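Taken in order, these protein sequences are the chains called A and B. For the first sequence, this note's numbering gives the first residue as 1, with consecutive numbering after it. For the second sequence, this note's numbering gives the first residue as 1, with consecutive numbering after it.
Source of the hints: derived by calculation from the structure; they are not laboratory data. A portion of the hints provided could be inaccurate.
[As the list claims (entries may be wrong)] Label pairs and their in silico Cβ distance ranges:
(1) B/Ser405 with A/Ala17: 30 to 38 Å
(2) B/Ala200 with A/Val47: 38 to 46 Å
(3) B/Pro323 with A/Asp128: 36 to 44 Å
Since this is a predicted model, take the numbers as computed values, not measurements. Glycine is no exception: its CB is placed at the ideal position from the N, C-alpha and C atoms.
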Amino acid sequence: MSPAELCRVLLVGSVPAAELPELSGDEMRDEVRRRLAEVGCELAYSVDSDRWVARLGGPLPDIEGHEPVLRLSQAELAVLAACWLHLRFLPAERARAAADGLDPDGGDGAGLDPDDLAEQFRGRLGQDQLHDLVERLRRSGFLTQREGLLRAGPLLSTFEDPSTVEQARTLLTRHQRLAYLQRRAAELGADGSLDATD
Amino acid sequence: MAVEAWLDPSARPADLPGPADLAVGVGEPWQQPAVVPSEAQTPLPAVDHAVPLLGRFATLVGPGQQHDRLAVLCALARQPGASWRLRDAEEAVPWLEPDSTARVVGELAESGLLLPAAGDEAAWRLSDEAHVVAAVCSALSAPQLEPDRFVRVLAASVTLAKAAGAPDEAAFGPFLAAAGVLERDLSTIEQRIADGREEALLEAAATARTHAADMAALLQQHAELFRADAGGLADAWERAVAALGRLETLTGDVVATLAGHADDRVRRGPRSDRSSLRGLVATADLATLAALAGEARLPPAVVPTHPSAALAALDEHLGRPDPLAVPIPEPILLPVEAPEDVPDLTTLAARALEWLARRGESVLTEWVVGGTWAEATGRMAAVVEAWSRHGPGGDGSLQAELDASPTLDPVGHDEVAVVSRTLVRRPAAGGPVP
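So that you can see chain A by itself, here it is in the shape it has in the complex:
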């Protein structure tokens, strides 16, 4: 396939790497990358699913009347972030902890039960609404579903960058700090007084 054909194929959807042997060559890959970049897109490779992916290279400017074929709502982004935390961030953090000689907690992290996800969003997203959102994310290539479990799709694997990981760590640390303080406040409230000053 020519570079133009490769770009057309990738702009329509992800492709198994085995089906595009042309992209194993540096020269062709750079040419495809360059052409995609010229139209605001970039080439990415999903290690987990062994697929080539084209994605937008940056944020979309706000334009009155613009009707994107695909634009994720805030709720979709929130669900996407939650799935990414479970399916990508958690396994990576466990691998990092293991490499550092720490003892990561158990669990495979490979799949996410949709009912478990619904429970986490209870009160904010209804079960049917969440099902629709997950379905959209699945069709977009962010998620796949096998044996009833949600798993990372090709786009989710290429979703993060170092700043996203750092942002997630910050968010998690903040959550744990506040959860700790909430427990402490409850303990102090239950105990009455601990270190009364006299």
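Please arrange chain B on chain A, whose structure you already have, making use of the hints.
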């Protein structure tokens, strides 16, 4: 009554009127409050005793009073020496015309705040009460009371009450107010923890720590006054001490945790496990999570179609044979046969397949289609059963090979419109297909 109310704030029935219910319009006429018991049994006589001193303030501040009197009195209170003359007063308030200064001094003297100096008829001095009034007014000259100074000011007012020789009850109000501030601080901190507002939480903790330090000093300084069971304050004392201890511990935890000086439970960094992530997702608002996903590097949404491809698909679709309307067969009386007379259709199908195979290469429809739709589907089911029993997946005795393909062959007779193509031929080596 204030002590009891503070000791048991839940005692207020919900159906009693609140602040909004009791709001009084500015223009409404004043009505003399009605006292239930005789006035001698109320605090009003004690208040009457305080009126002469408090009345001094009324000559300086309040409706109809001019701020120049207060400013002049405070300036004169700062005059060195035991007494001063009018020229000294004029120099002390250079921003006022000399005639006006003389007039204000005369007014202050008339209200008893200035007295003639002993031994000098041309000199004045401030009365003792005027010094106190000027001192209090100067002390409260801050544009507004900063929140973190509130308990300190209340503590100072306790000290002032004791210094002025006021009854002990005069000190109770500020003490109870200060204790109420601590409880409010606790409530605010708990609310901000729940809201997840870390900066606001740190601010509240800093203010609360100042309040706690001032309260600790107040309790230490006036322990004897409040611990004595006067006016029901012993319980209030215990409760204030408990609130203070709780506030000190909680604010210490907040500052240490948010400043990164907490103990190992929170200092070791984020604990990445499924449970923590569940908690994070369950408590974070959607906007926070959505911000984590950001723009999400969306895939380009290019639709993989071309007009010519669409037209070709339409052409292929239109090229398919129209479904034939088949008339409903006339009802017939089915013959009743003995069970032993009914042939084994599966065996018959196996023989039919071998017959077709012996002809070289045949299409299965030659034997399957015929008669009615029900008969055709019955024969097809028998073929499937024969293939299962005697084909390569069964006993391997079938001398025929089937080759199914997705191609549809039009038929158009015997109640069958189209049928998928299945070829029947001899097995490759003359025997059954392995």
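Go ahead and decide if the range 30 to 38 Å is satisfied by the Cβ distance of serine 405 of chain B to alanine 17 of chain A. Given range 30 to 38 Å: holds, Cβ gap about 32 Å.
Mind checking the hinted window 38 to 46 Å against the Cβ distance between alanine 200 of chain B and valine 47 of chain A? 42 Å, holds
Looking only at beta-carbon atoms, does the pair proline 323 of chain B, aspartate 128 of chain A fall within the given range of 36 to 44 Å? Holds - the Cβ-Cβ distance for proline 323 of chain B and aspartate 128 of chain A, about 37 Å, lies within 36 to 44 Å.
Violated hints are absent here; each numbered hint is respected by the structure.
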